[in-house]
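Visitor: Produce the complete structure using the sequences and hints provided.
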Amino acid sequence: KAGVTQTPRYLIKTRGQQVTLSCSPISGHRSVSWYQQTPGQGLQFLFEYFSETQRNKGNFPGRFSGRQFSNSRSEMNVSTLELGDSALYLCASSPLAGGPGDTQYFGPGTRLTVL
Amino acid sequence: KNEVEQSPQNLTAQEGEFITINCSYSVGISALHWLQQHPGGGIVSLFMLSSGKKKHGRLIATINIQEKHSSLHITASHPRDSAVYICAVKRSQGNLIFGKGTKLSVKP
Numbered sequence: 700k701a702g703v704t705q706t707p708r709y710l711i712k713t714r715g716q717q718v719t720l721s722c723s724p725i726s727g728h729r730s731v732s733w734y735q736q737t738p739g740q741g742l743q744f745l746f747e748y749f750s751e752t753q754r755n756k757g758n759f760p761g762r763f764s765g766r767q768f769s770n771s772r773s774e775m776n777v778s779t780l781e782l783g784d785s786a787l788y789l790c791a792s793s794p795l796a797g798g799p800g801d802t803q804y805f806g807p808g809t810r811l812t813v814l
Numbered sequence: 101k102n103e104v105e106q107s108p109q110n111l112t113a114q115e116g117e118f119i120t121i122n123c124s125y126s127v128g129i130s131a132l133h134w135l136q137q138h139p140g141g142g143i144v145s146l147f148m149l150s151s152g153k154k155k156h157g158r159l160i161a162t163i164n165i166q167e168k169h170s171s172l173h174i175t176a177s178h179p180r181d182s183a184v185y186i187c188a189v190k191r192s193q194g195n196l197i198f199g200k201g202t203k204l205s206v207k208p
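Top to bottom, those sequences are chains R and E.
Read in order, the letters of the first sequence correspond to residues 700 to 814 in my numbering.
Read in order, the letters of the second sequence correspond to residues 101 to 208 in my numbering.
Calculated from the structure, these hints are not laboratory results.
None of these values were measured; they are calculated from a predicted model.
Negatives, chain R to chain E, calculated, CB over 12 Å:
| # | residue |
| --- | --- |
| 1 | ILE711 |
| 2 | LYS712 |
| 3 | THR713 |
| 4 | ARG714 |
| 5 | GLN717 |
| 6 | SER721 |
| 7 | SER726 |
| 8 | ARG762 |
| 9 | SER764 |
| 10 | GLU774 |
| 11 | ASN776 |
| 12 | GLY783 |
Cut-off 20 Å, straight-line C-alpha distance, at most; resulting in silico cross-link-like pairs (SDA-like, lysine to any residue):
| # | chain 1 | residue 1 | chain 2 | residue 2 |
| --- | --- | --- | --- | --- |
| 13 | E | LYS154 | E | THR175 |
| 14 | E | LYS203 | R | THR737 |
| 15 | E | LYS200 | R | LEU787 |
| 16 | E | LYS200 | R | GLY783 |
Quick reminder that beta carbons are idealized off the backbone N, C-alpha and C, glycines included.
Guide: Rendered as structure tokens:
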């Protein structure tokens, strides 16, 4: 099976712009989670989707949003970009509804730089 | 105080040494994960634990639920083990919370 894919891999934007990142989960996986990784804060949970419904949301401002499509592909959007949004954005998929025994499979990430 | 604490932050070892990375947490959890991140960003899930001990090759992970503590051991370390090791806990109701990671460097 192909792994989790994320596009684009690298992105440069300027402050105030918006950005959309895409994640295609492993075939058959229905749960997709998004994470932000920065040198200062480490990995932080953004949101989790299962069957097109947002199940959990992390402590991020409303500028961060996401959605999941019927084929389980997911997108996240960041509006009005700030310098502090520069980070590696990781997507992970899992087969089930994010239960305790559910292993997550991570994509390679999208490295976003905001100038 | 972070809900997930890892120690040490940085670790340098000689090839062949036995390595231990520790993780303590302060919240109720349903599972604990150990992740490995290589330079370039790719993350691999090594273990998922809810009790006891698991072994995979030279890697061993243990968890003590009562003490809210987990350890990751690497036996006969090798330079290819050099990576950042991240502990993450799955909250009883919700998402993963991550430790800051332990950067391991194994010298030949």
